[in-house]
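Undergrad: If you want the building blocks of each chain, they are given just below.
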Amino acid sequence: MLHPDRLFPSDATQRAIARRLYAEVRDLPIVSPHGHTDPSWFAEDLPFPDPATLFVKPDHYAFRMLYSQGVAIEDVGVKRLDGAPVESDSRKIWRQLADHWYLFRGTPTRMWLEHAFETVFGVTERLAPDTADAIYDRIEDCLRKPEFRPRALFERFNLEVLATTESPLDTLEHHKTIRASGWKGRVVTAFRPDPVVDPEFEGFKANVEALGALTGENTATWKGYLAALANRRQYFKEVGGATSTDHGHPTARTANLSAAEAESLFAKALAGTVTAEEAELFRGQMLTEMARMSLDDGLVMQIHPGSFRNHNPQVFERFGRDKGADIPTATEYVRSLKPLLDRFGNERGLTIILFTLDETSYARELAPLAGHYPALRLGPAWWFHDSPEGMRRYREMVTETAGFYNTVGFNDDTRAFCSIPARHDVARRVDCAFLARLVSEHRLDEDEAAELAVDLAYRLAKNAYKL
Amino acid sequence: MLHPDRLFPSDATQRAIARRLYAEVRDLPIVSPHGHTDPSWFAEDLPFPDPATLFVKPDHYAFRMLYSQGVAIEDVGVKRLDGAPVESDSRKIWRQLADHWYLFRGTPTRMWLEHAFETVFGVTERLAPDTADAIYDRIEDCLRKPEFRPRALFERFNLEVLATTESPLDTLEHHKTIRASGWKGRVVTAFRPDPVVDPEFEGFKANVEALGALTGENTATWKGYLAALANRRQYFKEVGGATSTDHGHPTARTANLSAAEAESLFAKALAGTVTAEEAELFRGQMLTEMARMSLDDGLVMQIHPGSFRNHNPQVFERFGRDKGADIPTATEYVRSLKPLLDRFGNERGLTIILFTLDETSYARELAPLAGHYPALRLGPAWWFHDSPEGMRRYREMVTETAGFYNTVGFNDDTRAFCSIPARHDVARRVDCAFLARLVSEHRLDEDEAAELAVDLAYRLAKNAYKL
Amino acid sequence: MLHPDRLFPSDATQRAIARRLYAEVRDLPIVSPHGHTDPSWFAEDLPFPDPATLFVKPDHYAFRMLYSQGVAIEDVGVKRLDGAPVESDSRKIWRQLADHWYLFRGTPTRMWLEHAFETVFGVTERLAPDTADAIYDRIEDCLRKPEFRPRALFERFNLEVLATTESPLDTLEHHKTIRASGWKGRVVTAFRPDPVVDPEFEGFKANVEALGALTGENTATWKGYLAALANRRQYFKEVGGATSTDHGHPTARTANLSAAEAESLFAKALAGTVTAEEAELFRGQMLTEMARMSLDDGLVMQIHPGSFRNHNPQVFERFGRDKGADIPTATEYVRSLKPLLDRFGNERGLTIILFTLDETSYARELAPLAGHYPALRLGPAWWFHDSPEGMRRYREMVTETAGFYNTVGFNDDTRAFCSIPARHDVARRVDCAFLARLVSEHRLDEDEAAELAVDLAYRLAKNAYKL
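Residue numbers (this note's numbering), protein chains in the order written: chain Y, 1 to 467; chain X, 468 to 934; chain F, 935 to 1401.
Just so you know, these hints were derived from the structure itself, not from any lab.
Note that CB positions come from ideal geometry on N, CA and C, so glycine has one too.
Please note: incorrect hints may appear among the correct ones.
If you want the ones that stay clear, here's a sample from chain F, every Cβ over 12 Å from chain Y, calculated [unchecked claim]:
| no. | residue |
| --- | --- |
| 1 | S1022 |
| 2 | R1025 |
| 3 | R1269 |
Simulated restraints on C-beta separations [as the list claims (entries may be wrong)]:
| no. | chain 1 | residue 1 | chain 2 | residue 2 | range |
| --- | --- | --- | --- | --- | --- |
| 4 | X | R882 | F | R954 | 51 to 59 Å |
| 5 | Y | E278 | X | T688 | 39 to 47 Å |
| 6 | F | R1090 | X | G537 | 57 to 65 Å |
| 7 | F | R1090 | X | A551 | 52 to 60 Å |
| 8 | Y | A16 | F | N1092 | 32 to 40 Å |
| 9 | F | D1033 | Y | D137 | 43 to 51 Å |
| 10 | X | K672 | Y | E278 | 39 to 47 Å |
| 11 | F | R1090 | X | D549 | 41 to 49 Å |
| 12 | F | R1269 | Y | G122 | 58 to 66 Å |
| 13 | Y | E202 | F | R1269 | 33 to 41 Å |
| 14 | Y | A16 | X | E744 | 43 to 51 Å |
Take the sequences, apply the hints, and build the full model.
TA: Okay, structure coming up:
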């Protein structure tokens, strides 16, 4: 199924260059600085149970498409919050995927899954109603073997480092277990404080109290709250190997309030009396606080704004978060980031990596900002845009103003472990194709393109994330 | 003038694939589920009078370009509302077009017109000042012949079905005449209620009263008004063969008011005392009401937001609506559609087709929405974007998130009858070119591309619009 | 370094066409209707002092990239407002550029500079740490020779006309000197009234008083102020050869106030008591006043909205304006321009050239507006978008709705004199590549493309700017 020239331009000149560039990066180790795999996989190293549990139930890219075309979410085995029964026959779930495989034509999900089927499990036939069972059997057989356990796959995937993401309330037990185990695989955490810095997060007040309990700080006060966060960041660095923080706010709004204003706002947030605007302001202030702490402790800061989370209340009520109903929105950066940038934008010792779900901001706002401020870098094409066309548009709209060196390589950003090699391979191929076009149009020399290919595939991520 | 490979990529690999795919769809019948041709043409089957009346006077794509470069609208024979004289010599009008033909280089208008000139009228020379008269004569000669009458052209164009658009106040006389005539051509209407659901529409109150008179309902009450609309929808289904409704609101705003709130707002609208914001809210509520009725009667719902109508007051005062002075605006969907989607977005039995004039919403909002909600589908690239580059961008920005099967094939959306084959041909060619690129880059197998080509050209429209 | 086919598509069919089209335009004279070169260069004709002063210190494209990656602005010799010392060793500054040359891979800055190095100074090696000194020496040697003085370069660059930009408070001494000198080079000014029409401009009140002093009008009154502006426009026409005005407002907002309202707002602006909203309204009113004056005096009006100027307060305080910290913002045109267009949009005798830093407005707003209103034309891809990918997107998004003839050719818009031939060459090549694609896809005949190539490279600018 996988053509060796996939994703390369069909033009012979460009394809030849793309092949040469890709040869330089194909076998480089994978640096995965941002993602959502489950550290318990590597702590416990238990077999993945079956093909549907591995590939369908946890993959909202997959089941959102099925849902959009009339398949009930229950029918792909996603658990209901109310405990009502859902499909539990993994083979039936698998057949849902096979029956609707045509829906994924032209999508990255199809490309990622086929890459995993073939390179990880040796599947060489296209998924279809009449091949579903045989492919299911083959994958299921593999999963029973020790070489398909999480750690073995980690090594086979040539992962140099893999970052997970945890809440400050996480005690990092799995990360501790991994380290204590003597296994050489490098799995690090990232500090994702949304549950304790967003007044609108479910259970905010209780979360802040738990943060206090974990750190021994009095998080009922602004000062104690900040100290607890600083303390927890240190814990994530020391115990979980964290090199970065991650912030998933609805917008890129930042603020730079006086201590008194911030303190008063925090009290309101704890009291649950903030308005929507005040909650937004508080989140914005916390981004600036986090930047300040990053200057101290060196953690790289990632800002992931612009997702309208849980847009579908019916799906949210039945199944909870992260079920394919998060929708991007227009996102403004120039005015939103100004309070933070006014204070810290000129700091050479700070790295803030900006992401967007709004491609219109690439050339208009993000590349001009990152091409000026020393503290800013641009994250790769994200989420819905982490696709061949999306990655191509990203390079086309970002490079001329920000160059390549204000970008930070690739993030797979996935909870689908087996898709990690596929995603990095797609990124490497698309970048090589982009570079090949520049070379073929005599806008870049091939020796420089070859160096860039390695930078984009490997070095930039390692450097930007201090990995 | 028409090259057999027009609109195909010049790359030999891609072109060869595009040719093969196009061979599968070139001769498929045309399904035209949305447009603005005049049903009287097919009811009366009178000859089109002359080339200027056929091609210039009714085509705001054509005369807006002439106007932008200094040609008076009067000089192309468009009637003034005040009855002041305008150019009546069709040959002179035709020469205006010929003299300014160079303005249309690189535009779809040029491509559509040349396609019609050559395939319908056998013209093989480029329009120019020195060929204007000969081409005029040739087309005029043709128009006198029976095989150039509307019904004959309908058949020659291989139209399987053609939808027109009518106001609820239309009695569908022409549609009745067509059906009564025994002619086999299938012409259906679509229900376009803007005049009776938009408080800012010219004559809203009188329109609502007329709706009451037509249906025997008391449209002075909210309940009677809704009943009248439901009644009229049924009439459009039964008498006009309608399978869809169409809604041309300034924005995508929807609302989900209580019956009491809606009733009170309706009373204000009738009284003419709504503010601009209330008018907007009322339109938004009516979209939700229409969705509710669609669940009952099965009519497919089309939402066409984002046009700032009649932007040029001088042109509007002199010539009225639809004179090339409608300008797209930025259009938000994620928050705007939420009230409607919260209520009906998960209905598998409902089809809402979304259009946009704001291409930034394709990848950011529309593809993510349509790739999740069962009730949503995406209409094709619309109006200013119904062009080779516009259609290419549409596929590039929509496919990776929504796939092909959350789209609904092509709409020609035209009042220019002779351009219908040209427009469908352009869409088929551009889609084949897009698919050919995917195949050439090994992102899609050719057997799947061939099936998709037929889906995009024919099946998706038939299915989505229940035709 | 410069390949003869640079920027042409690699596809053999397209490349062959692009070469033929480019052969038609390569040697055409340069018409530069909008830019920011210093007229004193041509008045005094003194040698440019050294490579760093010529290429690095004044080029915010160059030093913003260095700054974004940690190089201090002081270290490239940009003067501080407080007089604190900055790097004064030009060779050291040059080495900063050479050491960081890799940052510019894939950027237009790299392309422009390499074009100047090779075509103006005969440099044939790539800039790098180990070639920096030799290249510096070569350029420095050249600069000492008479054939590298400004006027000689102007002639060598085949500049038919070059426009600079001056404030109404400028007395145009350099322009007078040029004219009095007997030198045949045509250098004209453009009228840029921002300092006297923007209440938020530094020193607005004093500027308006100075305007009164220059013109003998009582600029403390609205009537006198307007008379002074009209007077000054006339002066710019007569003394400086101006054919255009230029307006760099934060937004595209226009207004059409009554004389009484405008008068009252002007009084507030002079008194320094306008709110931000009133300042915006006043600027909007002044655009409309300028359009009215353009109808009288024939000056072509350019509107350049959408830059958030001086975004970085630390850089602004230390180094002042125009230091690479201007960031584009989302810009709305449809509602913003309506007051002006309602009044003057249908005037055939008026030319208003619109620019944008927000590419989303190309297809959505600007092409539809310019494809309708007789008074409107579209300026070329601007600033951050004046790049191969930016120019390609511009043609792809503008042409199908506005055609080519509602655009006005190329602006180099630069203060970097030696980059002028490079920039025009890039524009010519990108346009030829775009036309070649249309020809290769049989969307345009080659004879028409050849005519268009000359129009885009030369005639449209000459005509639109009345040069």
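Undergrad: Against this structure, judge whether each hint is valid.
TA: Cross-check of the supplied hints:
no., hint, result
1, S1022, "holds (23 Å)"
2, R1025, "holds (24 Å)"
3, R1269, "holds (17 Å)"
4, X:R882 - F:R954: 51 to 59 Å, "violated (40 Å)"
5, Y:E278 - X:T688: 39 to 47 Å, "holds (43 Å)"
6, F:R1090 - X:G537: 57 to 65 Å, "violated (38 Å)"
7, F:R1090 - X:A551: 52 to 60 Å, "holds (58 Å)"
8, Y:A16 - F:N1092: 32 to 40 Å, "holds (37 Å)"
9, F:D1033 - Y:D137: 43 to 51 Å, "violated (59 Å)"
10, X:K672 - Y:E278: 39 to 47 Å, "holds (43 Å)"
11, F:R1090 - X:D549: 41 to 49 Å, "violated (60 Å)"
12, F:R1269 - Y:G122: 58 to 66 Å, "holds (59 Å)"
13, Y:E202 - F:R1269: 33 to 41 Å, "holds (39 Å)"
14, Y:A16 - X:E744: 43 to 51 Å, "violated (60 Å)"
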